[in-house]
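Protein chains in written order, with the working numbering: chain A, 1 to 202; chain B, 203 to 437.
None of these hints come from the bench; they were simulated from the model. Among the clues, some could well be false.
On the chain A side, residues computed to face chain B include the following (Cβ under 8 Å) [said to hold, decoys possible]:
no. : residue
1   : Asn-46
2   : His-51
3   : Cys-88
4   : Glu-176
5   : Ile-177
6   : Ser-179
7   : Gly-182
8   : Ile-188
9   : Ile-195
Cross-link-like lysine to aspartate or glutamate pairs, in silico, DMTMM-like; alpha carbons within 25 Å at most [to be verified]:
no. : chain 1 : residue 1 : chain 2 : residue 2
10  : B       : Lys-381   : A       : Glu-194
11  : B       : Lys-432   : B       : Glu-356
12  : A       : Lys-72    : B       : Glu-430
Each residue gets a CB set at the ideal place from its N, CA and C atoms; glycine is no exception.
Spelled out, the chains give:
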Amino acid sequence: MNDLSVKIAIAEPSVILRSGLAAALKRIQGIHVQVFEVSTIDLLSNYIRLHKPGVLILNPAYWGIIDLHKLKEECANKELKCFALLSCLTDESIVKQYDEKISIYDTVDQLKDKLDKLFETPVEETTDGTEILSLREKEILTCVVKGQTNKEIAQTLFLSTHTVITHRRNIVRKLEIHSTAGLTIYAIVNKLVEIDEIKKDM
Amino acid sequence: MQNQHKFTARTRMSDLINEDASLLSSISRFGISLGFGDKTVQEACDANNIDCSTFLSVVNFLSEGNVEINETYNNISIESVINYLKNAHTYFLDYKLPSIRTKLLDAVESTAQSSSYKLVFMKFFDEYFDEVRKHMDYEDKTVFPYVLKLLKGERRGKYKISDFEEQHSDVDSKLAELKNILVKYYPSNGINYKLNDVLFDLLWCEKDLSSHNQVEDFFFVPVIEAIEQKIAAKL
Chain A
1 MNDLSVKIAI
11 AEPSVILRSG
21 LAAALKRIQG
31 IHVQVFEVST
41 IDLLSNYIRL
51 HKPGVLILNP
61 AYWGIIDLHK
71 LKEECANKEL
81 KCFALLSCLT
91 DESIVKQYDE
101 KISIYDTVDQ
111 LKDKLDKLFE
121 TPVEETTDGT
131 EILSLREKEI
141 LTCVVKGQTN
151 KEIAQTLFLS
161 THTVITHRRN
171 IVRKLEIHST
181 AGLTIYAIVN
191 KLVEIDEIKK
201 DM
Chain B
203 MQNQHKFTAR
213 TRMSDLINED
223 ASLLSSISRF
233 GISLGFGDKT
243 VQEACDANNI
253 DCSTFLSVVN
263 FLSEGNVEIN
273 ETYNNISIES
283 VINYLKNAHT
293 YFLDYKLPSI
303 RTKLLDAVES
313 TAQSSSYKLV
323 FMKFFDEYFD
333 EVRKHMDYED
343 KTVFPYVLKL
353 LKGERRGKYK
363 ISDFEEQHSD
373 VDSKLAELKN
383 ILVKYYPSNG
393 INYKLNDVLF
403 DLLWCEKDLS
413 SHNQVEDFFF
423 VPVIEAIEQK
433 IAAKL
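All chains, full assembly: derive it from the sequences and hints.
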């Protein structure tokens, strides 16, 4: 399966809370997290601008009230999701500007649910659980490997270009191979094409 | 405030390696060779003319595994880091990747049912190799000279270190793809020691490249940015 991959920044002055949360996040199944710990607030906006994390987990009890809207604007990162890390009772008006709240007593499952909720991806139309290519996908893969463009493939197989693109996306997802050179290896090894048919591109 | 880290100037070099074998490659990239007897980190660095706090910052950064953004990197020697990164480039381009190529060729030739395998695998690998070379050449020829000039207080043109960061693509992900192809789709029969050997090398190289990139992204770039800002403030 293709795991979701998320860059997460944790801004929290306590090393125990910071590293503990990082360890808990790494235990979440199905989401590959890359965690960055930020221990001083001055470096936060610089860091976000440079490394563009998808999620920021911030303890609102420290460093005074941070204007998240301004922060996102400063870092030119409007997509940034912000979680409040709560270690004590906090006034609702401070927390309401956050997308989500994490309590230091949350379980790994609760963390997973909260992340999943933010990154809900629509289920792809053809997901039937199998990672095996359909006949149509094999035909399209063969054309791709032979060096045909989407438009040419559409003409050969009497499909719309849009359909070809959808199929190609599904092929990449199923095989977890992104490059044409990689797909060529797959096609040769599985005898979908003969080397003579693609030699001119080699 | 002094931050607590795993290794200190008084740690013995041999203990450093026993604790974390992956540091072996970092040690040689700093230009320290094996056979250090009972030397401590400080002694080994002094003997090789290496800035000890830079060495410690890099090995602690790599070994602790968690990326922490703080200000403790201000007293490191940028020249040492650049040398370190350059040595790493030489290692990948002139030694490791060619060695993997030879092993891959050997493994594919000894198992493949047809000669076409050789062709497609080598094409994939060579395309990848070119990508890595381009990426590292750019750093050697554009980024590092820019930084060295910056250190001397010269700043010309509009180039910024964040430009580098913007186009810093992940060179380790395509290696992961090759690993994936071998693991999931390679039709081999029986036990294939040679193929396993290539896989071990690929896995190691992928990790090594990704931690190399982390040193660049989270260690090198932020320090340079801070220098740029200091210079800009003076103007």
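Evaluated hints:
no., hint, in the structure
1, Asn-46, "holds, 7 Å"
2, His-51, "holds, 7 Å"
3, Cys-88, "violated, 24 Å"
4, Glu-176, "holds, 6 Å"
5, Ile-177, "holds, 6 Å"
6, Ser-179, "holds, 7 Å"
7, Gly-182, "holds, 5 Å"
8, Ile-188, "holds, 5 Å"
9, Ile-195, "holds, 3 Å"
10, B:Lys-381 - A:Glu-194, "holds, 23 Å"
11, B:Lys-432 - B:Glu-356, "holds, 13 Å"
12, A:Lys-72 - B:Glu-430, "holds, 22 Å"
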